[in-house]
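**Student:** Construct the complete structure from the given sequences, taking the supplied hints into account.
Chains as they are written, first to last, in our numbering: chain S, 1 to 272; chain G, 1 to 359.
Among the hints, erroneous ones may be present.
Claimed, not checked - Chain S regions said to be covered by chain G (calculated; three or more residues, Cβ under 8 Å):
no., stretch
1, 168–174
2, 183–193
Claimed, not checked - Sample of chain S residues lacking proximity to chain G, with all beta carbon distances greater than 10 Å (derived):
no., residue
3, S7
4, F73
5, K101
6, I237
7, T247
No lab work stands behind these hints: they were computed from the structure.
Just so you know, these numbers come straight off a predicted model, no measurement behind them.
Glycine included, each C-beta is placed from N, C-alpha and C at the ideal position.
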Amino acid sequence: MNNFNRSKFVEFGLRFYILLSFGFVFAPIAASFVFSFNSDRFPSIPLGSFSTEWYQAVATDPLVWDGLRNTLFVGFIVSVVSTILGFGAAYTDFRYRFFGKSVYMALALLPPTIPVVIMGLAMLAYLSRINLSGQSISVIISHIVICSPFAMAITRLRLSQMDPDLEAAAWNLGASEWAAMRYVIVPFALPAIFGALFITMAVSFDEFAISWFVSGLNETLPVKVLGFLQGQVSPRINAIGTFVFVTSMTLVIIAQILLTRQMRDTNIVAKD
Amino acid sequence: MQNEPLVTFNGVIKKFGGFVAVQKLDLEIHKGEFLAIMGSSGCGKTTTLRMLAGLDAPTEGEIRLSGKPINDLPTWQRDTPMVWQSLALFPFLNVIENVEFALKMRGVGAKERRSRAENWLERMQISEFATRNIAQLSGGQRQRVALARSLVVEPEILLLDEPLSALDANLKVRMQSVLQGLQQELGITFVYVTHSQSEAFSMADRVVIMSKGVVEQVGTAQEIYRAPKTRFVAEFLGSSNIFSGKCDGNGNLETAVGKLHLPKAGTTQRKGQSATIVILDTRAHLSVTQPKGDVDFVRANVIGEEFTGATATIYLEAEDGSELRVQKDHETLAALPINVGQSLYVSWQPNETHLIPDV
Numbered sequence: 001m002n003n004f005n006r007s008k009f010v011e012f013g014l015r016f017y018i019l020l021s022f023g024f025v026f027a028p029i030a031a032s033f034v035f036s037f038n039s040d041r042f043p044s045i046p047l048g049s050f051s052t053e054w055y056q057a058v059a060t061d062p063l064v065w066d067g068l069r070n071t072l073f074v075g076f077i078v079s080v081v082s083t084i085l086g087f088g089a090a091y092t093d094f095r096y097r098f099f100g101k102s103v104y105m106a107l108a109l110l111p112p113t114i115p116v117v118i119m120g121l122a123m124l125a126y127l128s129r130i131n132l133s134g135q136s137i138s139v140i141i142s143h144i145v146i147c148s149p150f151a152m153a154i155t156r157l158r159l160s161q162m163d164p165d166l167e168a169a170a171w172n173l174g175a176s177e178w179a180a181m182r183y184v185i186v187p188f189a190l191p192a193i194f195g196a197l198f199i200t201m202a203v204s205f206d207e208f209a210i211s212w213f214v215s216g217l218n219e220t221l222p223v224k225v226l227g228f229l230q231g232q233v234s235p236r237i238n239a240i241g242t243f244v245f246v247t248s249m250t251l252v253i254i255a256q257i258l259l260t261r262q263m264r265d266t267n268i269v270a271k272d
Numbered sequence: 001m002q003n004e005p006l007v008t009f010n011g012v013i014k015k016f017g018g019f020v021a022v023q024k025l026d027l028e029i030h031k032g033e034f035l036a037i038m039g040s041s042g043c044g045k046t047t048t049l050r051m052l053a054g055l056d057a058p059t060e061g062e063i064r065l066s067g068k069p070i071n072d073l074p075t076w077q078r079d080t081p082m083v084w085q086s087l088a089l090f091p092f093l094n095v096i097e098n099v100e101f102a103l104k105m106r107g108v109g110a111k112e113r114r115s116r117a118e119n120w121l122e123r124m125q126i127s128e129f130a131t132r133n134i135a136q137l138s139g140g141q142r143q144r145v146a147l148a149r150s151l152v153v154e155p156e157i158l159l160l161d162e163p164l165s166a167l168d169a170n171l172k173v174r175m176q177s178v179l180q181g182l183q184q185e186l187g188i189t190f191v192y193v194t195h196s197q198s199e200a201f202s203m204a205d206r207v208v209i210m211s212k213g214v215v216e217q218v219g220t221a222q223e224i225y226r227a228p229k230t231r232f233v234a235e236f237l238g239s240s241n242i243f244s245g246k247c248d249g250n251g252n253l254e255t256a257v258g259k260l261h262l263p264k265a266g267t268t269q270r271k272g273q274s275a276t277i278v279i280l281d282t283r284a285h286l287s288v289t290q291p292k293g294d295v296d297f298v299r300a301n302v303i304g305e306e307f308t309g310a311t312a313t314i315y316l317e318a319e320d321g322s323e324l325r326v327q328k329d330h331e332t333l334a335a336l337p338i339n340v341g342q343s344l345y346v347s348w349q350p351n352e353t354h355l356i357p358d359v
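**Tutor:** Listed below in structure tokens is the structure:
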């Protein structure tokens with residue numbers, strides 16, 4: 001970019017502003033990160049010595065492992081199922097025109113806009129009525145509901161970059177509808193499908209409110225964290241928090257890399 | 001050229017909602033011919049091609065391929081490969097995988113697939129790009145990949161939907177000769193949809209001109225150019241002086257620019273019947289003084305000049321507003337005062353005109 005005409009003063013101000021914004025967003029997380037390695041019992045300045053004792057405490061706590069196992073189990077199933085559902089919805093939008101399509105799309109995108117407390121309550125009320133509350137499956141069902149729209153949005157964006165002639169070209173070359181799906185649509189959307197897998201897993205991994213309502217005894221990690229917090233203030237929270245943060249950031253970053261790369265590929269094609 | 005029909009359209013109609021894209025199309029496409037379907041956008045040419053490929057279903061009528069009705073045959077069961085305007089190459093496959101695609105869908109084994117695809121890459125002179133990504137190719141190279149991808153199944157018919165429209169002028173002419181050469185070499189039928197007169201006329205054995213879903217004329221380039229069947233065709237070709245009017249029964253046509261002679265063959269026209277005469281721009285002459293002898297002429301003002309290589313086309317406007325064109329070599333034009341607003345006489349021999357009787 002050509003910065004030749006920009007005033008040095010404004011330039012400096014803008015850079016400072018960016019730093020400030022990032023500081024504002026990341027300071028609490030950084031604090032939690034720093035204190036998780038602090039030997040002191042209470043988060044206070046000056047810091048004590050460097051220590052991994054809280055991580056050890058967490059690692060030896062069977063309750064934490066329980067929560068983690070639940071979280072991973074739920075996250076895995078949720079990401080696979082909601083990616084499949086999201087792909088289906090996105091493909092429907094790409095391929096078909098039908099009466100009421102805008103309503104269909106609005107409904108499909110709705111769940112994340114509902115306040116989570118209301119969503120959690122509704123889920124609890126509904127799932128307990130059909131005897132599905134308080135189990136891992138309850139968390140899975142609820143998470144699929146909020147994760148599918150994310151998967152759909154990601155896949156839909158990818159499909160919108162696809163030359164609509166591509167699928168017809170596959171048919172024209174002898175591919176049945178299923179073969180075209182397998183050999184053209186899915187390979188084209190593959191980066192988005194992986195992106196959706198990671199993002200939905202991250203969403204499920206972090207989600208607290210709904211899990212708190214419906215999980216019962218099969219608590220996921222975020223729900224466990226709240227349990228700790230209510231029992232006693234312990235730097236273990238910082239350790240778990242750091243772990244959860246690093247995990248979901250990793251998932252989101254992987255998804256970002258996949259999705260930016262697909263954008264770049266498409267741009268090369270589109271440029272010509 | 002054999003005259004056996006490979007494709008027959010029998011009263012084919014295509015409607016999209018209330019819009020009629022193709023109206024009652026009856027057309028035979030012969031085995032081994034290069035047929036161009038030409039018209040401006042929305043004339044139904046692409047719809048016709050898509051119906052043949054099975055991408056759109058006719059609302060009414062029947063399409064036959066090699067004598068068999070194909071209306072209900074899904075597109076993947078027809079051997080009617082198409083070269084798309086967008087080319088529609090698969091961006092996630094490399095060049096040779098693109099070419100192999102149709103063979104893979106037909107269940108051809110991996111080894112045979114590869115060797116047949118390699119064969120076609122060689123034929124299209126793109127072997128060196130076999131493992132390249134589509135994004136790394138130039139427009140002309142992509143064009144060749146698209147052709148190889150369609151031809152690898154050795155079809156009897158190849159459909160082309162404005163495949164050259166994205167190329168620059170030089171490349172266009174080169175690809176035209178590639179296409180023509182391929183068609184002659186393979187001896188298969190090419191159905192080529194285009195809005196470009198030069199593409200259609202320079203490559204095709206026969207040209208179909210469509211307008212608003214109706215076939216206006218079918219014939220060789222010469223036939224259509226010399227003897228347009230309708231006023232639309234004459235206007236579409238854009239190289240003619242066109243005058244409509246009513247016959248007076250004495251071999252004359254009363255037009256807005258005056259009384260003009262009908263060509264001799266057309267003197268049997270009844271009085272009062274409306275007709276159109278067409279004078280090619282290459283058959284018209286210019287003069288400063290009123291031409292003498294047995295010629296027809298119109299007085300008109302110069303409105304512009306277009307340089308077209310060895311010749312130039314002079315655009316003129318008659319008093320009633322109708323536009324005239326005269327194409328002449330530069331020497332002839334140098335002797336004339338060609339300035340905007342200059343009044344000149346446009347003249348022609350009455351027997352060199354072409355008559356279009358109104359239906």
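**Student:** Now, for every hint given, state plainly whether the structure supports it.
**Tutor:** Hints, one by one, checked against the model:
1. 168–174: Check passed, 7 qualifying residues.
2. 183–193: holds (count 5)
3. S7: holds (40 Å)
4. F73: F73/S is indeed farther than 10 Å from all Cβ atoms of chain G, at 33 Å.
5. K101: holds (16 Å)
6. I237: holds (45 Å)
7. T247: holds (30 Å)
When the structure is compared with the earlier hints, no violation turns up for any of them.
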